[in-house]
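Enquirer: Assemble chain B onto chain A, guided by the hints.
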Amino acid sequence: MSVVVALLAQLLHIGLMLLAAPLVVGLIRKVKARLLGRIGPPILQPWRDLARLARKQPVLAENASWVFSGAPAVAFTATLAAAALVPSFALGMTGAPLADLLVIAGLLTLARCALGLAGMDVGTAFGGIGSSREMMFAVFAEPALLLVIFTLSLLAGSTNLDAIAGALHDGALGLRVSLGLGLIAMLAIAIAENGRIPVDNPATHLELTMVHEAMVLEYSGRHLALIEAAAMLKLVVWLGLIACIFVPFAIAPAGAPATAWGLGLLGWVGKIGLLLLGLAGFETAIAKMRVFRVPEFLGIAVLFALLAVVFLFVSQGFA
Amino acid sequence: MGGHLAFGTFSYDAAHLLGGGVLVLSFVLLYQRRLTAVINTYALQAVVLSAAAAWQAWVQDAPHLYLTAGITLAAKGIAIPLGMHRIVRQLQVNRSLESALGIFPSMAIGVGLVTLSILVVLPVTPQAQTLTREELALALSVVLMGLLMMITRRTAMTQVLGFMSLENGLILAAVSVAGMPLVVELSVAVLVLLAFAVFGVFFFRIRDRFDSLHLDNLDRVGGMHR
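Residue numbers (my numbering), protein chains in the order written: chain A, 1 to 319; chain B, 1 to 226.
Looking at chain B on its own, in the form it has when it is part of the complex:
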C-alpha cells in the first residue's frame, strides 16, 4: 500500500468510520417511514457529524473546528430537531410518510449515487491526500443522498430535512479539507439557520392555504394549469 499517506493509522480509520457513519445515517433517513423518526435520524446524523468535526479538529490540530463541531451539535443536533418536532405538533401533520419511489428502489439509487461519487471524486483528485479524497467522496455521497431525498419525498417537511441533510454533507466536506477558513463554515451554518426559519414560515403559509403540507397541491397554483 505504499504511496498512501497515513493509510491504516488509527486517526485515518476513525475519521473514515465517522464519515461512513454520516453516510449510513443518510440511508437510514431514506428508510424511515415516520416523520418523527426522520427528524430523530437527522438529529443523530448531526451528532455524528459534529463528532467527525471534533475528531478532525484534534487530528488537524485546528481549534476553530471545535467551534464548527459545537455549532453543528447545538444548532442541528438539538435546536432544529426540537423546532421540527414543535412544528409537527402544532400543525398536526400526518406523521406517516409516502415516497414517490418505493423504499428499496430509492435506496438502490442511493447505492448507485455513492458509487458515482466515488468514481467522480477519486480520478480528479490524484494528488490530494488519501484521507481528503475519501472524505470528499463520502461528503459528495451525502450531498447526493440529500438531493435524492428531496426528490423522492412528497411533503414539505421531509424535503426540508433532505435539504438539511444535504448541508450536513457540505459541512463534512468542509471539515475534512485542511485549511478551510472558519468564515465559510460560519456563513454556511448561519445560512442554514436562516433557511430553516424561512421554511418554518412557509410551512405555516402552505398549511393555511391548502390544509396540508403535501406539495402536489402546489402544482395547482403553478402557471401551467391556469
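Only chain A is shown next, with the shape it has when bound in the complex:
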C-alpha cells in the first residue's frame, strides 16, 4: 500500500509544482502592482505568456551551437527534478531517499551553469556580461548554501531533506540561534539565486541593471518558454525549501494516510502565500543595489551561515 501511496504523492506533488509555479509568479506581480497603486496584469498572465511562447518558433543566431538550443531543456529538466525532491504537502514521497540537500543544490547549479554557457555561446557582449555576473553571484551564494546545509545536517544528523524536515516537524530540536541565523542566510541566498530585487530586477530590460535577463536575452519562442518556466519553478523550489525547513508545521509526516494530505496542502498554500506576500512587500519597499555591492551582501550571508555553525558547536558543547 505504502509504495503506491508514496508514488501517488510524488506524482501529485510534481503536478502541483508545475501548476503552482506560474501562479506564484503571477500572484507576486499582482501584489506588487497593487502595492504600487496599479491594477496589474491578471494572475493567470504568466500561464498565457508561457502558452504563447510555446507556440512560437525560436529564432536562432547564425553561429548558435547545440549548447544554445540544448541549454533550455537542461535547465528546465534539472529545475523540475529539484522541484520534485522538495516536499510540499507530504513527507515520505517516492523520491525522498534521493532528496539530499546537496543533490538539490547540485541540480540548481547544473541549471545555472547550462544557462551560463548558453549566454556565452552566441558571442554577444550582453549574454557574456549576464553570464559572468550570474556566475559571480553563484560563487558567493554556493558556499553560504553549503554552510547552511552543514548546519542543518549537524542538527538533524543527515543531509537528507526529508529526514531534516521530519526532525524539525517533530520539534525535537527546539528553537535554535543557529536555525535563526541559518534562516537569515537562506533568505539572502534565495533572493540572490532567484534574481529578486535587491540583487537583480526580474521585471527590467534596462541594460545596466539586468543579470539573468541579460544572460537569456538571445532566446525566443519555445526555448524562452522553457527558460521562463524554469525560473518560475526555481522560485517555487526556494519558497518550498524555506517553508519545509524553517516553517515545518502542517506537513503530512511520512507514512501518514492520504487523508492527511488535505491539511498538508492547505498548510503549504498558507506558508507559500505568506512568504510570497513578504517577498512582494520587501521588493516594493527596497531599492536595487549596485552590482558590485552584491558580493558584499552575499558575503554577509556566508558570515551568518558561518556564525550558525559556530553557535551550533557551542550549544552542542563541542568547544
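Hints were generated in silico from the structure; no laboratory data involved. Note that beta-carbon positions come from the ideal geometry of N, C-alpha and C, so glycine has one too. Check the hints yourself; a few may be wrong.
Unchecked claim - In the SDA-like style, the derived pairs of lysine to any residue whose C-alpha atoms are separated by at most 25 Å in a straight line are:
1. A:Lys288 with B:Phe104
2. A:Lys288 with B:Gly83
3. A:Lys56 with A:Val122
4. A:Lys30 with A:Leu274
5. A:Lys288 with B:Ala14
6. A:Lys288 with A:Ile242
7. A:Lys288 with A:Gly128
8. A:Lys288 with B:Asp208
9. A:Lys30 with A:Asn201
10. A:Lys288 with B:Ala37
11. A:Lys288 with B:His64
12. A:Lys288 with B:Val198
13. A:Lys56 with A:Trp66
14. A:Lys288 with B:Asn40
15. A:Lys288 with B:Gln159
16. A:Lys288 with B:Leu119
17. A:Lys288 with B:Glu98
18. A:Lys288 with A:Ala125
19. A:Lys288 with B:Arg34
20. A:Lys288 with B:Ile103
21. A:Lys288 with B:Leu97
Unchecked claim - Partial pick of chain A residues on the chain B-facing surface, computed with a CB cut under 8 Å:
22. Val31
23. Lys32
24. Leu175
25. Glu296
26. Gly299
27. Ile300
28. Leu307
29. Val310
Expert: Positioned in the frame of chain A, the structure of chain B alone reads:
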C-alpha cells in the same frame, strides 16, 4: 546531551534566541551605511534586549529584572534614539557614513570576535549553568562588537552609538547571571544616560569648533602636531 542543565527546554531556547537576536543586531549596526538607520537599529537592539531582560525576569522569577527591562526600553529604546535623531536634525550632520575598514572586512572581524569570545568564555566557566555560559559568550560578543564599531567608524555620533551598543552587551550579561543585584544595573543605566548627556554637549562643542563631527579633526589639536 546529559550533564547540560535545562538543555532543549523552551525557556532556555527562547533566552538563547533573544540573546542571539541582540548579537545579530550588532552585526546589522556594522552593516548600515546611513546614520538614521544606525540609530533605528540601535533602538531595535535595545527593544530586543529589554525583551530578553523581561524573559529572564519571568524565567528566573526575579521581579526586579522587569524594572531593568522597563528602564532599557524607556531610556535606550525610546529616549536616546529620539535624542539622537534630534541632534542629527539640529546639527545637519552628513547622514552617510564612512567606515575605516570596508563593510565586509569589519563584519568578518566581527565573526572572528564572536568565535574568540566563545573560545574564551566556555573553557573558563565549566561549572556554571549552560544557559549562563552561553549568554555570557553572547554578551561578550556584543561588547566586543561595540568596541569594533567604535574603532571602525569615523564620526563622533557612530562612535557614541558603538559605546551604547557595547553597554547593551553589559546589560545582557547582567540579566542573564542569576542574582545580579539591582543596584549594579541601575547604576550602569544611570551612568549611560549621564554619558549620553555629556556626549550630546560634546557633539555641539566639536561641531562649533570644526564645523564637522569627523574625528580626524581632533588629531590636529592633539599635542603631537604642535
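Enquirer: Run every hint past the structure and note whether it holds.
Expert: Against the structure, the hints:
1. This hinted pair checks out: Lys288 of chain A and Phe104 of chain B have alpha carbons roughly 19 Å apart, not beyond 25 Å.
2. Taken as a hint, the Lys288 of chain A and Gly83 of chain B pair is broken in the structure, with Cα atoms around 31 Å apart against an allowance of 25 Å.
3. For the hint pairing Lys56 of chain A with Val122 of chain A, the CA-to-CA distance comes to about 20 Å; that is within 25 Å, so the pair holds.
4. Our distance criterion of 25 Å between C-alpha atoms is met by Lys30 of chain A and Leu274 of chain A, whose separation comes to about 14 Å.
5. This hinted pair does not check out: Lys288 of chain A and Ala14 of chain B have alpha carbons roughly 34 Å apart, beyond 25 Å.
6. Between the alpha carbons of Lys288 of chain A and Ile242 of chain A the distance comes to roughly 23 Å, so the proposed pair stays at or under 25 Å and holds.
7. Taking the CA atoms of Lys288 of chain A and Gly128 of chain A, the gap is near 22 Å; set against the 25 Å cutoff, the hint holds.
8. A hinted pair counts as satisfied when its Cα atoms are at most 25 Å apart, and Lys288 of chain A with Asp208 of chain B does not qualify at roughly 38 Å.
9. Restraint check for Lys30 of chain A and Asn201 of chain A: satisfied, since their Cα atoms lie roughly 16 Å apart, inside the 25 Å limit.
10. For the hint pairing Lys288 of chain A with Ala37 of chain B, the CA-to-CA distance comes to about 17 Å; that is within 25 Å, so the pair holds.
11. Using a Cα cut-off of 25 Å, the hinted pair Lys288 of chain A and His64 of chain B is violated, with the two alpha carbons roughly 46 Å apart.
12. In summary, the hint linking Lys288 of chain A to Val198 of chain B is not supported, as the alpha carbons are separated by about 40 Å, beyond the 25 Å threshold.
13. The straight-line distance between the Cα atoms of Lys56 of chain A and Trp66 of chain A is roughly 19 Å, inside the 25 Å bound, and the hint therefore holds.
14. For the hint linking Lys288 of chain A to Asn40 of chain B, the alpha-carbon distance of about 21 Å falls within 25 Å, and the restraint holds.
15. A C-alpha spacing of about 29 Å is found between Lys288 of chain A and Gln159 of chain B, which places the hinted pair above 25 Å, so the restraint is violated.
16. Proximity of Lys288 of chain A to Leu119 of chain B is assessed by CA-CA distance (about 39 Å); at most 25 Å being required, the pair is judged violated.
17. Between Lys288 of chain A and Glu98 of chain B the alpha-carbon distance is near 21 Å, which keeps this suggested pair within the 25 Å criterion.
18. Taken as a hint, the Lys288 of chain A and Ala125 of chain A pair is honoured in the structure, with Cα atoms around 23 Å apart against an allowance of 25 Å.
19. For the proposed pair Lys288 of chain A and Arg34 of chain B, the alpha carbon gap of about 16 Å is at most 25 Å, so the pair holds.
20. Distance hint between Lys288 of chain A and Ile103 of chain B is fulfilled; the C-alpha atoms sit about 18 Å from each other, no more than 25 Å.
21. This hinted pair checks out: Lys288 of chain A and Leu97 of chain B have alpha carbons roughly 19 Å apart, not beyond 25 Å.
22. Checking Val31 of chain A against chain B: minimum C-beta separation of about 26 Å lies over 8 Å; hint violated.
23. About 24 Å separates the beta-carbon of Lys32 of chain A from the nearest beta-carbon of chain B, more than 8 Å, and the hint is not met.
24. A hinted interface residue such as Leu175 of chain A counts as satisfied when its beta carbon comes closer than 8 Å to some beta carbon of chain B; here the least separation is about 4 Å, so the hint holds.
25. Taken as an interface hint, Glu296 of chain A checks out: its beta carbon lies about 5 Å from the nearest beta carbon of chain B, inside 8 Å.
26. Because the smallest distance between the Cβ of Gly299 of chain A and any Cβ of chain B comes to about 5 Å, under 8 Å, the interface hint for this residue holds.
27. Annotation: interface hint on Ile300 of chain A holds; nearest CB of chain B at approximately 6 Å, less than 8 Å.
28. For Leu307 of chain A, the interface hint holds, since its Cβ comes within 8 Å of a Cβ in chain B; the closest pair sits about 6 Å apart.
29. A cut of 8 Å between beta carbons decides the hint on Val310 of chain A: the least distance to chain B is about 6 Å, and the hint holds.
The earlier numbered hints that this structure contradicts are 2, 5, 8, 11, 12, 15, 16, 22 and 23.
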